[in-house]
Amino acid sequence: GQNIDQPTEMTATEGAIVQINCTYQTSGFNGLFWYQQHAGEAPTFLSYNVLDGLEEKGRFSSFLSRSKGYSYLLLKELQMKDSASYLCALRSNDYKLSFGAGTTVTVRA
Amino acid sequence: EAQVTQNPRYLITVTGKKLTVTCSQNMNHEYMSWYRQDPGLGLRQIYYSMNVEVTDKGDVPEGYKVSRKEKRNFPLILESPSPNQTSLYFCASSPWRVAKNIQYFGAGTRLSVL
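Here the protein sequences come in this chain order: A and B. According to our numbering, the first sequence is numbered sequentially starting from 1. According to our numbering, the second sequence is numbered sequentially starting from 110.
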């Protein structure tokens, strides 16, 4: 089975940096994904980590430590449009995907 | 345009009246999946399919059925809906057995069972 924890809510100011943590326990790790979901819309892919380290993609970066069961998503230079839910998702060895409950980020002017 | 299409987008029904939510993808993906999303619980997988005629239970399969007779279609069937199945449903597809098998989601179906 899989257990995924992430904070429920975070608030930050426009232009700031926010780090969303995700901790997990799994019997078979095969990749970690981050998805963004705006209210009332479908999730969309943001990033993917399978090896330890940092993956950078524009204003968004994601980090993974498999030994610690830990990942974070870093959002830099926050914009109002970044207000959304951010979902941490774990892929197991059978390619099943399990999602955390999501972190709602509110960006304030 | 590559997409996953779900229908209907909104549905209000009554307890016990069978319904089907359709899902179709045009990306030739092997893997398709159904999720339900409820406040505070996140996305939970109902059923998934790794290819035609291959389906498996996810975390919350009770009360649902699926079929995969064609690669592009993966309908979700509620034989006797109950109020606890009121939820937001997403269909998703992805390539199978590639390292970065990104899930592409449909727009969602908001179901209310009265």
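It should be emphasised that the hints constitute simulated quantities derived from the structure, not laboratory data. Don't take each hint at face value.
As the list claims (entries may be wrong) - Calculated pairs, DSS-like style, for lysine-lysine (alpha carbon to alpha carbon, straight line, at most 27 Å):
#, chain 1, residue 1, chain 2, residue 2
1, B, K127, B, K178
2, B, K126, B, K166
3, A, K68, B, K209
4, B, K126, A, K96
5, B, K174, A, K68
6, B, K127, B, K166
7, B, K178, B, K166
8, B, K127, B, K180
9, A, K57, A, K96
10, B, K126, B, K174
11, B, K209, B, K180
12, B, K166, A, K76
13, B, K209, B, K166
14, A, K96, B, K174
15, B, K127, B, K174
16, B, K178, B, K209
17, A, K96, A, K68
18, B, K178, A, K96
19, A, K81, A, K96
20, B, K209, A, K57
21, B, K180, B, K166
22, B, K126, B, K178
23, A, K68, A, K57
24, A, K81, B, K209
25, A, K76, A, K96
26, B, K166, A, K96
Unchecked claim - Here chain B is said to cover these stretches of chain A; the calculated rule only asks that three of the stretch's residues, wherever they fall, bring their Cβ under 8 Å from a Cβ of chain B:
#, stretch
27, 9-17
28, 57-70
What the hints assert, rightly or not - The calculated label-pair distances, taken between Cβ atoms and stated as ranges, are:
#, chain 1, residue 1, chain 2, residue 2, range
29, B, G172, A, E41, 19 to 29 Å
30, B, N182, A, G28, 25 to 35 Å
31, A, P7, B, I211, 16 to 26 Å
32, B, S189, A, V50, 35 to 45 Å
33, A, E41, B, N193, 21 to 31 Å
34, B, A216, A, I17, 43 to 53 Å
Owing to the predicted nature of the structure, the values given are computational and were not obtained by experimental measurement. Beta carbons: idealized from backbone N, C-alpha and C, even for Gly.
* To do: Hints the structure violates: just list their numbers, smallest first.
  => 4, 5, 12, 19, 25, 27, 28, 34
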